[in-house]
Amino acid sequence: MTLPLAHVGHYLWVLYLIPVLLVIGGIVRTMLVERHRKDD
Amino acid sequence: MTLLPFAHALVARQDLPVPAWLFAWGASIVLIVSFFALAAGWRRPRFEQVGWRPLGAGLSRGLCSRPAQILCGLVGVFLLGVAVYAGLRGTEAPDRNFALTFVFVTVWLGFAFFSALLGDLFRPFNPWRALGRAFGAGFRAIAGQRPAHLAYPERLGRWPAAFGLLAFVWLEVVYGGSGGVAVGLDPHVVAVAALVYSAYVLAMMALFGVEEWCERGEVFSVYFGMFSRLGCFGVEDGRLGLRPPLAATTTWATLPGSVAVVVASIASTSFDGAQEGAFKSAIGSTYEWAIDRGIAALTAQRLTDTLFMLACFGGVGLVYMLGVRGMRTVRGAPSFARLRVGFAHSLIPIALAYLVAHYFSFFVFQEQAQFTYLLSDPLGTATTDLFGTASAGVDYRVLSANAIWYVQVGALVVGHVLGLTLAHDRALVYWRNYRDASRSQYWMLAVMVAFTCFGLYLLSVANG
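Residue numbers (the working numbering), protein chains in the order written: chain A, 711 to 750; chain B, 2 to 465.
Incorrect hints may have been included.
What the hints assert, rightly or not - Cβ-to-Cβ under 7 Å is the rule here; a few derived chain A residues that face chain B:
id: 1; residue: L725
id: 2; residue: P729
id: 3; residue: V730
Treat the hints as calculated values from the structure; they're not laboratory data.
For clarity, every value in this text was computed on a predicted model and none was experimentally measured.
For each residue, glycine too, the CB sits at the ideal point set by N, CA and C.
Produce the complete structure using the sequences and hints provided.
The structure is reproduced here in structure tokens:
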């Protein structure tokens, strides 16, 4: 069985997006943690 | 003789040891590490007080003297004249005509690269400034008084330069690049555009004053002046001096429209890189859509390219504004307007990094043509051989594909780390508490990581 990888090249841009999303996720998480700490 | 196609072809596919996308991860990690290093060890602003110190008086007198200025001005006017003449009288082949390479490579890229290293080199060679000053001196000699000027509208700021910058790049990559030709700009069009622009600049100088217009409205002065702020050489009160690198950028964005200038610079380079790569299929679909609606092919191509170029401008501006918006949420933040203007200078190293990453190899190859056969045979008609180099060619082996890739990645990483450093330094001015300042910079970190990954993605697609 061959894996359906014929069009994988079209989705390589996702790999460039992941670091950006990780950083933004980190920022949002830090903000939420701080907000919770302030509320407590 | 090797003929160089006048195209923004970057490099052929390289044989990299790791996939290109992994470089984006590596660059992001470098930025994140730099961010934490800045947060831990950079706790007071260092760039705000520009410590300018004069260089030797003799050197200043020589380089800033009136005869030197007149000589540089004459050289600038002469070269503008040669470019216009070559455009009007020379061959129609873009790669053989002096005008195209001189305007779009030697001047546009050369002054940007070297201004960042050596200071505002364009100012003494600016042909329009030289002509404006000569006309002003002539007027004073005849009328016995200084020419009266209108007050420049403050709100207009650098907006004319921002629009002019987009128009200049549009002329090259949209108007000249349409119709399936990489850069199909007719040298005749370049010459006419140069004449029209000269008339416009001289009229504006007559209205508002030479220095006023150079500081705010003259596209090339504003553009190269922006990059010159990165370097450590500057002129104050007619004296040449040294200042800490990057420090002069902190006072650059005070005029309205400065954000638009630096965003336009990043956006226009991005569009040029994405046009034949990342955006190719989207541009193709939009073009087909326009054709289906009965629009003529060339008009449809130009319309589509213009829309995507404006979308790039909007996209780059939006990412920056989101970063500013994020900073606004941090306790003790100044107003949105103050933040937007206050952090614009942190984009200048990124604008230069994009320029180096996209055009470095193109510049190296094309300058070989400029200083050999284009200089000896400026009209490209094979009728002159002024310096005996008319039959020379371009050696593509001076740069390997991998060397180009590493310069591109290096430029992007260094540019964004410098941008992060400038933003962190400015945050320490706005937030007295360094913890709040560092917290505000999470958002600029996101902006920098986004620009780095986007830049590397554009290059990877263009190179693939």
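Each hint, compared with the structure:
Interface hint status for L725(A): upheld, as the beta-carbon distance to the closest one in chain B is roughly 4 Å, under 7 Å. Given hint, P729(A) at the interface with chain B, holds; its Cβ is 4 Å from that chain's nearest Cβ, closer than 7 Å. The beta carbon of V730(A) is positioned within 7 Å of a beta carbon in chain B (closest approach about 5 Å), and the interface hint is therefore held.
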